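The listed protein sequences derive, respectively, from chains F and R.
The end of the first sequence is residue 330 by our numbering, with every number in the run present.
The end of the second sequence is residue 642 by our numbering, with every number in the run present.
Everything labelled a hint here was simulated from the structure, so no lab data went into it.
None of these values were measured; they are calculated from a predicted model.
Ideal Cβ positions, reconstructed from N, Cα and C, are used throughout, including at glycine.
Some clues are possibly wrong.
[To be verified] Some chain F residues close to chain R (C-beta under 10 Å, calculated; not the full set):
| no. | residue |
| --- | --- |
| 1 | Lys58 |
| 2 | Leu63 |
| 3 | Ala86 |
| 4 | Ala87 |
| 5 | Leu92 |
| 6 | Glu103 |
| 7 | Ala107 |
| 8 | Glu120 |
| 9 | Pro157 |
| 10 | His158 |
| 11 | Glu159 |
| 12 | Ser161 |
| 13 | Gly163 |
| 14 | Leu182 |
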Amino acid sequence: MPDGTMQPPVLRVEDLTVRFTRRNTDVAAVNGVDFSLQAGETLTILGESGSGKSVSLKALMGLLPAYAGVSGKVWLNGKEILGLPAAALAKLRGGAVSMIFQEPMAALDPVYTIGEQIAETIVQHEGCDNRTAMKRALGLLEQVKIPSAERRLKNFPHEMSGGMRHRAMIALALACKPSVLLADEPTTALDVTVQIQILLLLRQLQAELGMAIVFVTHDVGAAAEISDRIAVMYAGRFVETGTTRQVMREPMHPYTQGLLSSTVHGGMRGRALETIPGSPPNLAELPPGCAFAPRCRYAVDACRQGDIPVVTTETGAMARCVRAEELVEA
Amino acid sequence: MLLFALRRLLQAIPILLGVSLVVFGLVHIVPGNPIDMLMPPEASPEVIAQMKAAFGFDKPLYMQFLLWLLRAVQGDFGLSVFNATPVWGQLLAALENTFVLAILGAALGFSMGILCGMVSALYHGRWPDKLFSAIATVGVSLPHYWCAIVLVLVCAVLHDWLPAQGMGDDTLPLYERLQYLVLPVITLSLIPMGVIGRLVRATVLDILGQDFVGALSAKGLTRWPVIRHIAKNAAPPVLALMGLQFGYLLGGSILVETVFNWPGSGNLLNLAIFRRDIPVLQATILVLATFFVLLNLLVDIAQAAIDPRIRR
Ligand SMILES: Nc1ncnc2c1ncn2[C@@H]1O[C@H](COP(=O)(O)OP(=O)(O)OP(=O)(O)O)[C@@H](O)[C@H]1O
Ligand code: SF4
Ligand SMILES: [Mg+2]
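Could you build the full structure based on these sequences and the hints that come with them?
Structure follows, in structure tokens:
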């Protein structure tokens, strides 16, 4: 857990920016994201659909298509990884950094067994023989608590239930003991009971393996459940960051406040549910100033001009809003 | 899996029976019956009746069919009406010649098609893709006989590189006999190459668009293992088409075998039609159709072995 600044961060991201430039459009999907993450820590990136969460993760993994312009700096265990050559990147992926996806069907090849898919990852990274890799795969399935793991090893993805596939996908991601696990909405497709099981499993695995997790979701409840820190993303920017407690209890940014009051969760019990008016901005034509201004009920003229100042509290929380300070006092 | 294979095998039986029924029916497409057609007009009714009895034409139709089928299964298709030699021997020789062409043509066409389709999908929209698309379109749209004639003109008439016709003498050394194969094999491979190439390209592009391919890179697989995954996913539809194409090649392209004067089953079929040689016609069609059915069976089983979702 985040207990100080003694250790160097396992993952540090500075000014990560992604633009998709094709013929006549220029989509600013991620606009200067900064964060750092200690071993064993979980950061949740919380945001609406289209806010650039998945693109940020893919940029970290180097998985974006060639036409995506990625800039900024990313350090993994102290080593710069952005813009590494393909072979070096492939070594990292599934090794030191790995990813789990929203839809396990999207992560698993339908014509290979679960065992084969886990084993080949181990073989690729560690160069061991297939037999050893299969044994490791069996151990992993047991670790993610798949019942009768021996038999499941020989199952094809379509022969498993949704929750089981999820566990298999997590086992795959953990195959080479990553130091950073990127989880892209890993529970949104599941029903609530399974969702909670998977979240608990992730926390338990994290405690066992000590990896850092970047957890992406638009589900405030899941964010509250799993994270140490939360970053709220809007139009490709972090508009507010802080510990889970800070963000949930004392949200500073009007967007965060809107997001929380549009969801049922513990921190806001007793308040009426309301939705945020309007819809997310078009990333191809971001307005100058605060991207949230068209939907913000506190917007003033200053919001529509120039860069929005970042407000930092003495407890380390951050908000990117002209009126953050006065709104919190109010 | 074994059960699946067995079930498919059983399902093939009624199909084969249907095929043999149609083939048997061929005799009766010709008006009258074969004996009436073959006997000189001045033959006496007694002789005709005798002949009919000898060939079994006096029995009821279903008995004729059963007897015919029983003998056909044992490889006895009777004598050729044209030259009174056993049909089976002629057919065997022709099939062997066609097999040589078909296997080489398929090997060349399929491997080129898979290579081109794979490369153009992986380089989608760039020059290798455009180049191959052009080649494939030309390959499937040029008429076979035209290609054959151009090849013969260029390689055999204008230059003396390769023999134009026939399959060479048994006495020639192997290397010279191989030369006779080159032009017909190239001609035959054009259509399979184009058709398979286009299907491989489309299938691989479709697979590349699926999310799990991104996930393969996300777990750190390098280029070749990723290509292996793509290939296995693309295999079932491609196999189905290869089975079909190989079936066509086995049928022996009548045009190619005629242009190159290649004594294969296409040629035999062609001759049998012109000579109204019904027994030869029947035997050739029945054997080829059986190959076709068996080939499809094999493809079905191979598909199910590759993609577990096909097994039911
Ligand atoms: N390959 C791409 N080419 C062009 N634009 C893209 C590409 N991938 C994503 N985008 C754009 O980038 C923006 C952010 O997309 P992203 O997938 O990161 O959203 P998200 O926050 O993950 O949303 P969701 O919750 O729906 O997954 C979207 O507007 C999307 O249209
Ligand atoms: S900067 Fe202005 S528009 Fe943006 S969130 Fe703050 S108050 Fe609203
Ligand atoms: Mg997403």
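Going down the list of hints, with the structure as the test:
1. Because the smallest distance between the Cβ of Lys58 of chain F and any Cβ of chain R comes to about 8 Å, under 10 Å, the interface hint for this residue holds.
2. A least Cβ separation of about 6 Å between Leu63 of chain F and chain R falls short of the 10 Å threshold, and the interface hint therefore holds.
3. Because the closest C-beta pair between Ala86 of chain F and chain R is about 8 Å apart, less than 10 Å, the hint holds.
4. With a least beta-carbon distance of about 7 Å to chain R, the hint placing Ala87 of chain F at the interface is held under the 10 Å criterion.
5. For the restraint placing Leu92 of chain F at the interface with chain R, the shortest Cβ-Cβ distance is roughly 7 Å, inside the 10 Å limit, so the hint holds.
6. Hint status for Glu103 of chain F: holds, given a least beta-carbon distance of 7 Å to chain R, under 10 Å.
7. For Ala107 of chain F, the interface hint holds, since its Cβ comes within 10 Å of a Cβ in chain R; the closest pair sits about 4 Å apart.
8. About 7 Å separates the beta-carbon of Glu120 of chain F from the nearest beta-carbon of chain R, less than 10 Å, and the hint is met.
9. Because the closest C-beta pair between Pro157 of chain F and chain R is about 9 Å apart, less than 10 Å, the hint holds.
10. For His158 of chain F, the interface hint holds, the least distance from its beta-carbon to any beta-carbon of chain R being 6 Å, beneath 10 Å.
11. The beta carbon of Glu159 of chain F is positioned within 10 Å of a beta carbon in chain R (closest approach about 8 Å), and the interface hint is therefore held.
12. Taking 10 Å as the C-beta contact cut-off toward chain R, the hint placing Ser161 of chain F at the interface is violated, the least distance being around 16 Å.
13. The restraint placing Gly163 of chain F at the interface with chain R is violated, with a minimum CB-CB distance near 19 Å, outside the 10 Å limit.
14. For Leu182 of chain F, the shortest C-beta to C-beta distance to chain R is roughly 9 Å, which falls under 10 Å, so the interface hint holds.
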